[in-house]
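Based on the sequences and whatever the hints tell you, model everything.
For the protein sequence lines, the chains are A and B, in the order given.
Per my numbering, the first sequence starts with residue 1, numbered consecutively.
Per my numbering, the second sequence starts with residue 1001, numbered consecutively.
To be clear, the hints were calculated from the coordinates, so they are not data collected in a lab.
Among the hints, erroneous ones may be present.
[Unchecked claim] Facing chain A, according to a computed beta carbon distance under 10 Å, are these residues of chain B, among others: (1) Q1132; (2) R1186; (3) L1190; (4) E1214.
Just so you know, even glycine gets a beta-carbon here, dropped at the ideal spot from N, CA and C.
Spelled out, the chains give:
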Amino acid sequence: MSHPKTISILNGHLIDPANQIDEPKDLHIADGKVLAVGSAPKDFNPEQTIDANGLIICPGLVDLSARLREPGQEHKATIASETAAAAKSGITTLCCPPDTDPIIDTPAVAEMIKHKAEQSGLCRVLPIGALTKDLDGEHLSEMVALKMAGCIVLSNALTPINNTLIERRVLEYAATFDITAFLRPEDPYLNNGGCAHEGPAAARLGLPGIPAAAETVAIARDLALAEQTGCRIHFCGLSCSTAVSKIRQSGLPVTADVAAHQLFLTEDDLVGFNSNCHVIPPLRSHSDREALRQGIADGTISAICSSHQPHEVDAKEAPFPSTAPGISGLETLLPLTLKLVDEGVLSLSDAISRITSGPADILKLPLGRLTVGADADICLFDPKQQWQLTTDEMLSNGHNTPFLDCEFTGQVTHTLLGGKMTYCRATDTNR
Amino acid sequence: MINSHRSNIQLDEQGRLRHFLTIDGLSRELLTEILDTAESFAGVSERTVKKVPLLRGKIITNLFFETSTRTRTTFELAAKRLSADVLSLNISASSTSKGETLLDTLRNLEAMHCDMFVVRHGDSGAAHFIAQHAAPHISVINAGDGRHAHPTQAMLDMFTIRRHKGDFTQLKVAIVGDIQHSRVARSQILALNTLGVKEVRIIGPNTLMPDHTEAMGVKIFHSLDEGIQDVDVVIMLRLQRERMSGALLPSEHEYFQLYGLTDKRLEAAKPDAIVMHPGPINRGVEMDSQVADGPRSVILQQVSYGIAVRMAVMAMAMQRQGQGDAQ
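Next up, the structure:
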């Protein structure tokens, strides 16, 4: 089917944090790019108009961490299924970590993922390359080849680089070629096979604990090496208050993100051994959650990600410590972020920046903004629409979320990727 | 914000025991009822015909994913004295090594029309998991899950204490040793506090103490001599050597020097203090033989009482099924 080349989105309220726009404005699109904001150019006669009366128009969401499970774990999810879920959730760009099977440590795997994503055409997928071969933490990957193949940033996924000397070499090499390293701060020794925050809940439930120090020790180490090597570091998935303050005080040009669920859930949600709350890093205390919210509010943490980890049903059907960690998070990224606004954590415009321009800036990409000439990646949502998250409603193959049956306010109505409609709720209702 | 606060799955709508998974969330009245019921069964063992027909026609399956001798045997005896048919499965050596999931094992046993599962598993929360997924008529008894709970052991300890001390409310109880890895200690602490003892103390080095136990209502001591001062009950925990991963303690020798119970050290406790141990004892590590075999030791009584307490819990959990009513 052919797509209209020119579109006008009329009567909506435009929020484009990067350009400090938060007012009723129309948006006009031509050839996949933003043509004009506000009034249309003279003689502009769009093939399609979208009436956005009552809707918010914002840049398409940028998600720094979403596992698509392809290649290698197609029984959990596929690029096709998860990009459809992303489109439905207003997400137009997502980064997939390198812990696929095979691992994204060669250009071929990166190119294969990009190719498959282009085929489905529902979301821009940016593969994150591995910092070390086979994620072994021992041998540098061919970072430049990966960069050439489209890996904008590199990471070692969930595997820490144990040896500090290797980490130094990895960061030095990455810095040479202006590559940002995404690091998940975790000291493997302090982690010690734990599956829950080392706090009162784990003590009571007898769950092996992961102390907050597992994260702060790693952050202290990574910050020292960032200073030593000059490498640009981004911390993925913060979970504890000391981590936020260490980054805030570091004075280094480091960035950080947090998974949306960390801003709502705490260790108390493990009651009854709820395996859908089994996540790594673990859900921590109330004061940690408040510090993470503070970090999001003051911009120390400039991105909220879905940390999407879809699983098949069986992966969560076991005693808590034996279940696979992770939450299927794509479909709750926007609603949870909007909930932060309801709860007074930050303004709507700032909240939107944390899922659009904030993460795009971390990637050093001109995405997440509706500047004239930019890709027309757009999310329209109805800020008043109430809805409930149900398995029937979910498009992700992973239904592993503790937010099932929760009520949310604010629902995506349209998603456009490069000016092409990838989701429209109106045509989706009889699904 | 999420709906995780389900009501206690251990109880039915009338507040009766349905599963016995943890002491957490059970009332003092219910714990007392367990002890009273156990009291009525304690006599059965002394009869010539050591059986009551309470669970005739019921099938009880012992599902042990971890090895155990004492617990499994006393559960077996308890079930037999209630006239149930008993099946004991050592799963670690069979299905799971063939790749069968826990849920599949469960479904197979359900298909054999079992009425009760007695479960021991290495994962904290395993008994909860099985209770959540078992067919509605099946009762689940936790015989130890990971570091989480071992509620029948705690109740047999409470039974032993009550037999010797009568009233709980005036008691000071010390628990000594590896609290961190001990499901027994967790359940004991909860039971003692629920039954209203005056003070629960835990004694050991920081490496054997979990963080945040204060929230569970205990006083922490690092010196055995200070910790057992004037206590009525001393519970020694097994030093679970199989769980020690290296650097928790320098040596058994130093552990015994600091925390090993001897007659001399026991002098600090009340003159009529009793000494308990869930077994098996490491003689010369947790306590020396004079204490283990001495007049204050009630360790073997704990084992005998274990049968009565397990009978009580099984009978109570099956009560709601009604007599002789198949499924």
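A quick look at each hint next to the structure:
1. Q1132: Holds. Min distance 8 Å.
2. R1186: holds, 6 Å
3. L1190: Hint holds; L1190 (chain B) Cβ to chain A Cβ min 9 Å, cut 10 Å.
4. E1214: Interface hint status for E1214 (chain B): holds (9 Å vs cutoff 10 Å).
Every hint from the earlier list agrees with this structure, and none is contradicted.
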